Amino acid sequence: MKAAAQGGVLVVTRHPQPGRSLARSALDTALATAAFEQPVNLLFLGAGVLQLLPEQDSSDVGVRNLRKVIDSMPLYDMEHCYVDAEGAARAGLTATDLPPGAILVDHTALRALFDSHRHVLGF
Amino acid sequence: MLHTLNCSPGHPAVQDCIALLQQEDALLLLGDGVYIALENSQGWQALQASGATLHALEADARAAGVQHRLAPCFTLVDDAGFVALSELHAQHMAWY
Amino acid sequence: MLPATAFTPEGFLKDLSAWTPAVAEQLAAAEGIALTTAHWEVLHLLRDYYQQFDSSPAMRPLVKWVRINLGEDCGRSVYLLSLFPGSPAKIASKIAGLPKPDNCL
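As you go down the protein sequences, you meet chains A, B and C in turn. So the first sequence is numbered by this note's numbering: it starts at 5 and just counts up by one. So the second sequence is numbered by this note's numbering: it starts at 892 and just counts up by one. So the third sequence is numbered by this note's numbering: it starts at 109 and just counts up by one.
Hints in this document: simulated from the structure, not taken from any laboratory. Bear in mind the structure is a predicted one, so any value in this text is a computation, not a measurement.
Quick list of in silico lysine-lysine cross-link-like pairs, BS3-like style, CA-CA up to 30 Å:
# : chain 1 : residue 1 : chain 2 : residue 2
1 : A       : K72       : C       : K198
2 : C       : K208      : A       : K72
3 : C       : K172      : A       : K72
Work out the full structure: start from the sequences and follow the hints.
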């Protein structure tokens with residue numbers, strides 16, 4: 005067994021919505037974990053950063069406005085979320101587009117983030 | 892960390908995986924991911940360059956017909972081998 | 109009074125836009141709750157929450173949301189339990205005409 009990481013769950017969300025329900029499942033997993041007062045962090049990686057586009061209006065397609073749900077994370081005591089800096093740059097997302105408390109992580113910090121969690125759940 | 896990669900060559904998840912892959916890691920190709928190991932393709936060189944140990948699930952490789960055309964850096968594993976890899980690594984990241 | 113077909117088997121309002129204060133009274137009566145000013149404060153906050161976050165809160169965020177908006181005395185689970193006994197997040201969401209909270213157990 006490799007040296008165990010410190011603890012907590014890292015939920016990695018890599019798909020945009022609304023094409024697939026994976027984005028929603030990742031967020032629900034993170035929020036449910038937080039609702040149980042378990043340590044959890046959410047990482048938006050690759051195309052997953054597209055979930056953060058701020059001007060979503062899903063009222064005509066019958067799914068949740070994911071960005072609005074993401075903005076409720078501080079109420080679940082998830083004060084921070086992690087955002088792949090390269091993915092955000094590719095998507096043209098600027099700091100003002102991101103939710104409050106978002107932390108941009110570059111390539112080397114990404115690996116450290118994975119290694120600092122006991123469990124990794126990829127969506 | 893154990894990485895499982897289950898998507899066709901060229902899928903963005905392949906690049907996301909490669910960016911994270913390190914020498915102490917193991918990578919297991921599943922499903923459509925086994926095509927990445929095709930000897931004549933360009934997909935696996937970046938995986939090999941990471942220094943990670945590389946595997947493909949035997950049943951999926953056979954189903955795809957690539958079992959005799961794999962780049963030599965890949966080892967075929969069966970289900971028991973998959974379980975052994977899971978036991979060896981504390982973390983598992985599924986790329987798909 | 110809305111007919112039984114307006115509600116899910118668990119008693120949640122199917123069409124959010126059909127909610128009125130009278131519907132809230134009907135939903136509360138079905139839960140055995142007589143609505144007071146204190147109840148209404150929380151119900152309106154829940155509807156604000158839904159507007160802002162497109163979801164019904166679980167218990168933990170509900171407590172925090174009430175604390176932020178109504179202060180420390182109200183933002184406590186015992187206070188919410190006294191208003192909506194049993195499962196405050198679920199019952200208050202129901203009376204506020206919102207869907208069942210996703211992360212409510």
